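Trainee: Here are the chains, one letter per residue:
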Amino acid sequence: MGKTDRLTERQLTVLIFVSLLSPMIRILPTAAVTLGGRASWLSALAALPAGALLLAILRALTKNAPEGLGLADMAILGWGPVAGRIFAILCALWLTFYGGFLARSAAERLLSTVYPNGTTPVFIVTMLAVSILAAAGLTKTLSRTAEVLMPILLAVILVVLISAAPEVSGENLLPVTYRNWKDILYGAIPIFNVTAAHAYFLFLRGYVTKTTPGKRKVFPWLGLLIFIAFAVTLFTLGTLGTNLSITMENAFFMVIRNIKVFGVVERVEAVVVAIWIVTDFIFLSAILMIVAEVWKTVTGVKRRAFFVWPGAALSGAAAFLIARDAFDFLKWSDYIVPVINLTFTVALIPLALAVGKVRKKY
Amino acid sequence: MMRGRSAAPAEPEISPDATVSVAALEEVYKDCYDFESRDLHIGGDVRRKARLCFIDGLVSGSDVAEQVIKPLTDPERFGAVTDMKSVIAMLLGGSVYVYTAKSRTKLGELAEDLLNGFCALIFDAERTAVTFEVKSQQRRSVEAPKEEKVVKGAKDAFVETMKVNTTLVRRKLRNTHLKIRQYKLGSRADTAAALIYIEGFTNEGIVAEAERRLSGIRTEGALTSAVIEENIVDNPHSPFPQVISTERSDKFCMNILEGRVGILVDGLPLGFLAPGTFSQFMKVPEDHSGHFIVASALTLLRYFSVALTLLAPAFYVAVAMYHQEMIPTRLMQSMIEAKQQVPFPTAAEVIMMLLAFELLQEAGIRLPSPIGETVSIIGALIVGQSAVEASVVSPVVVVVIALAGIAGYTMPNQDMGSALRLCRFFLVLAAIGFGMFGVALGCAVLLYHLSSLESFGVPYMTPFAGGEGQHLSRALLRHSMTDKKDREPELKTGDGGEAKL
Amino acid sequence: MKKAVIFTLALTLALTGCSSGLTIFSNYRHLEMIELVRTVTVDSSEDGVTVGIYGTAGEEQEARMYEKSGPSIGVAMNELTLRPLGREAILSHTENMLIGEDLAKTRLDEVLDYVERFSEMRLDTGLLIVRDGTARDLVFGLAGEETPASDVVAGLDRNIARLGRGYVFSCREIAASLAQNGCALVQCVRGEEEEKLFEKRGDLNLAPAGMAVMRPDSTVGFLSDEETLGAMLILGKLRSCNLDVPVDDAVLTLSVDNVKSDIKPVFSKDGKLQRAEIKLSLEANLVSMDGLVDVRTRDVRERAEKALSDKVKSACDAAVRRGPALGFDFLDLGGILTRREPIAMEDMGVSWKEVFPSLPVEVEVESVLMRTYDIIDPPEISGREEGTPWEKLTDSLRDS
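Residue numbers (my numbering), protein chains in the order written: chain A, 1 to 362; chain B, 1001 to 1501; chain C, 2001 to 2400.
Hints are computed from structural coordinates only; laboratory data are not their basis. Only a predicted model underlies this, so the values are computations on that prediction, with no experimental measurement involved. Honestly, I wouldn't trust all of these hints.
As a list, the in silico EDC-like pairs of lysine to aspartate or glutamate whose alpha-carbon atoms are at most 16 Å apart [as the list claims (entries may be wrong)]: (1) 1492(B) <-> 1209(B); (2) 2264(C) <-> 171(A); (3) 1492(B) <-> 1287(B); (4) 1149(B) <-> 1287(B); (5) 260(A) <-> 2124(C); (6) 260(A) <-> 2364(C); (7) 1155(B) <-> 1143(B); (8) 2237(C) <-> 9(A); (9) 2237(C) <-> 328(A); (10) 2311(C) <-> 2270(C); (11) 2279(C) <-> 2364(C); (12) 1049(B) <-> 1039(B).
Derived Cβ-Cβ restraints for the label pairs, each shown as a range [claimed, not checked]: (13) 1383(B) <-> 324(A): 53 to 61 Å; (14) 158(A) <-> 1358(B): 30 to 38 Å; (15) 2275(C) <-> 166(A): 58 to 66 Å; (16) 1473(B) <-> 5(A): 41 to 49 Å; (17) 2074(C) <-> 158(A): 33 to 41 Å; (18) 1225(B) <-> 57(A): 53 to 61 Å; (19) 1304(B) <-> 2194(C): 30 to 38 Å; (20) 1344(B) <-> 2065(C): 26 to 34 Å.
The beta carbon of each residue, even a glycine, is placed where N, CA and C say it ideally should be.
Start from the sequences and build out the full structure, keeping to the hints where you can.
Mentor: See the structure below:
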């Protein structure tokens, strides 16, 4: 790792938070309501313990590893040079595809909300081009950008939720009793899936310096993300009801469409969609950066930026080829990608770390 | 004294034959009508001579006559002294009433001293010359700052003479640990520059880095601020200022007390401060003159102005071109009505108005004061009004551009204001091409660029990004003076960040 | 690398204007070419549907209506919005949709689907069914030189809840209710000819005409004014309204306010749902009096409160009876009772659909006359000429 490219633990957690806002807002609340029904507004709270558990496990597995080691390095140490590299390459290939999926998803979302007469290529190419700039730069720069963006995003979410509050009706949220526990848990699965994606950022662990004692170490990203998931689900479900929330592809945006901000500006979904584009940019840049980091570790090439262009090109190809239309894309979005994501974040990555820990490699 | 690159010719030594030395000096200052030299009889004795050399205009004639010639030619003082070595010793010991006297053995140093307002005495049969500082007092007097308005603070701005500026600093910072290191910049101009810091307090790394960068300036003459700024900043290609420049001595000293290093340059009525971070460019010394709540509100207003000046035109373009659903119905009706007669599309309107605004501003700066102000006012009011009445632009565009422009003028630092004006165009183009998507991505790119900047190792977006997120409130608000004061941790000052109160 | 990225972005920017395909620029609208639509009408026609848009091209411009027929709403609207007479209509500011009764009977679901699906339309657009005529004719009749039809419709939208004559449900509310209950209430209106108060007004005036109970593809029935009032009171949609109640020889106009409803199920010991109880409490203020009664006296006030309670109860009973009569729970009593007692309702053994048609519902209304605004003691009532002001005051307090 370059000596000047260093970030603190807090900066990494802020980067994680801003990045994961993107899929969280994309899939919620439709995914949660589809599985959890009327009770799904409590699903976020149910997802919190699982998310915290995964976070604790990954922390415990990486706690004593020396500074400067990323997940790829740890996999190579733990599994050996061949198996470790295979694991790392597998992750890189999946994340390359995932980057393309993200770009396509952002484009589809824009077309179905504010640019109905557009086409996906323009958005995909633009997003990737801008993300290349960021991915080829320093890790600390991306994390600083996330730090600056974080309060702005939170302020926008707060204003939107306050403006949407009058439309929320308890009739759409209740009744919920102990008998709905299964629904609540089912609804928690997609939320947990999103939070689990923080495991990918372990590939950037090598850039994190241990912070000096006495100062704030981490940003409470998990709690805040869960709270936002809870609020978004609550407000959307409370406004549209269960059936409409399931029917709508972008239910939260439908809620935003109908709000007025202090009577001055109406129908602010264009602003909010634009803000989500920013989180997509951060997440996509982080993914491209992680992919390049993995290839850098696997090949031993010193310059990470060397791998950004090819990675972005492959992601672009994936974005174009993944599905012919929005209907096919839904299959990827609703089933295939979440399952593979869970496999990597909950199974493969912890396993990769656990092997190294058991073998006392770090 | 540190030297960037010597302006003097090769270093021959002073010849025991005074005629030779003087001839060498005359050769250096050939075709310089202001170079003067004359013989003086030491103690009135025609057998003992010294050659007086100086550059007319740089020295004070009366000081030369009264402080140097008169005592030197006084028989009572120097009449009994027979050898030149004794004469030289007496001269250096205070027999001549000049507060700075130096002995020189090299012709190059001698020649340089003449350029710094010294007069030189060259003696026969001696390899040592003596120079005396008799600088002319012709300089601009200390006045109130012109570019940075002062409401309640000190009204002593920097002038072109570095010595006066360092005096202003010394008067405000009476600290024995205040260090002022001098440098020479420019291969042909030998401009003096000073690096100012507080030893044991200012971070040594920053001091060393500043020294390294100053010493590394490769230029022929440091006559403009850009020579300094663009050579010492981390990213000279960024339009955003990365060192603070100010003509206010109080602001300069306040920042030295915060832990920054200061740079003064002879000939420039400015002081430079590093590191410079984004939040520093939002602050004015007036914040510390008024009540802290009022000051805090004004600081927040400035941040709001940044957003307004950057985003208002782009937001209008995006909304008017692509996202009309965001406009309230009544406003929409009046906008449509107003736009009926305008022949240009929205994008062209906005770009035209932005350019017109820039033209008016440039014209106002270039023209002499009374005319310039009148042109600005006339241009803004009459041209703008006429443009609306002639249906060249719609009224809403005029309002939006005017708001954005006025918001830009609230920036305490003109360099920051200029950078924001440039970025405004970029965002408008992004809005024209992509609507709100373009505005959002443009802002993301802009923020990314700002996040990539560093100033002497300190992240530019401190305390919003970088570090541990502490002292965020200090950037946005002004705390009461009675609150415990902590320094910005990023400056890593020698007292561990805690102020001694 | 940076140059390559900037080049790509510039190329993308250039491609946004490509006319070979649909790009971002396809979403660009010239502001001066916009026709701002505030009201949309949809009626049945021989070709399928006739869609009308009513809007303005600016504050000073006269409001205009355009219409087009087509096999579906989407087709007709598409032809209509793409530059009729050289302008481009945008629907994002549509405040209300008026649909003809004939169309509502069979194609309400298509209307809602269009609103939900089309990105320009808003879910908070109000939906009104026009009775005794077509929506198009109504809008034409409402439009006057100084009274655009959109303003008239918007005025009704804002004030109907205060009139106690109904409530304009939004498309979102109707769609949610249809999805949840299988039926929904939709406000009905009709045009009434009235004497023109001034020349530049429209020929017709817009009047509430009860509510319709709708299924996605059929009309179940209509509610009368009394049933509408009862439904609004039970659903809590009434903001305030003035009701006349007879007390002795006078008719008091009371402003009803602060209506609270408490609906709960009553179960037998074996868990069967016996009945539903609806308790309404409301506050009223005396707005005007036709005739004279001494409202200072408790007795008179109690009679007034009883008369009001009876009137409100009558309306609520009518609304409650209408549901089983139509066979649809348009008041969503099932949902309300389930929210109140979810476990008991789940355990009662039979589905709500089976219970609903014959479930007894008891309505109880409690009214309180709170104040009479500025006049307490009209001179005609007091009739007292003698006595000091202190005596008058003490007498009146004694009487109270």
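Trainee: Each hint should be assessed against the structure and marked as holding or not.
Mentor: Hints, one by one, checked against the model:
1. 1492(B) <-> 1209(B): Judged against 16 Å, a Cα distance of about 14 Å means the pair holds.
2. 2264(C) <-> 171(A): Holds: residue 2264(C) and residue 171(A) sit about 14 Å apart, inside 16 Å.
3. 1492(B) <-> 1287(B): Status violated; Cα separation ~24 Å.
4. 1149(B) <-> 1287(B): Between residue 1149(B) and residue 1287(B) the Cα gap is close to 13 Å, so the pair holds against 16 Å.
5. 260(A) <-> 2124(C): holds (11 Å)
6. 260(A) <-> 2364(C): Outside the cut-off at roughly 38 Å; violated.
7. 1155(B) <-> 1143(B): holds (7 Å)
8. 2237(C) <-> 9(A): violated (52 Å)
9. 2237(C) <-> 328(A): Roughly 43 Å separates the two Cα atoms, so the pair is violated.
10. 2311(C) <-> 2270(C): Distance ~36 Å between residue 2311(C) and residue 2270(C) Cα, so the pair is violated.
11. 2279(C) <-> 2364(C): Cα-Cα ~5 Å, so holds.
12. 1049(B) <-> 1039(B): holds (6 Å)
13. 1383(B) <-> 324(A): 53 to 61 Å: The hint (53 to 61 Å, Cβ to Cβ) holds, given that residue 1383(B) and residue 324(A) are roughly 55 Å apart.
14. 158(A) <-> 1358(B): 30 to 38 Å: Distance hint for residue 158(A), residue 1358(B) holds at roughly 36 Å.
15. 2275(C) <-> 166(A): 58 to 66 Å: Given range 58 to 66 Å: violated, Cβ gap about 34 Å.
16. 1473(B) <-> 5(A): 41 to 49 Å: Distance hint for residue 1473(B), residue 5(A) is violated at roughly 29 Å.
17. 2074(C) <-> 158(A): 33 to 41 Å: Since residue 2074(C) and residue 158(A) have Cβ atoms about 37 Å apart, the given range 33 to 41 Å holds.
18. 1225(B) <-> 57(A): 53 to 61 Å: holds (56 Å)
19. 1304(B) <-> 2194(C): 30 to 38 Å: violated (52 Å)
20. 1344(B) <-> 2065(C): 26 to 34 Å: Check passed, 30 Å falls within 26 to 34 Å.
In the structure shown, a violation is registered for the earlier hints numbered 3, 6, 8, 9, 10, 15, 16, 19, in ascending order.
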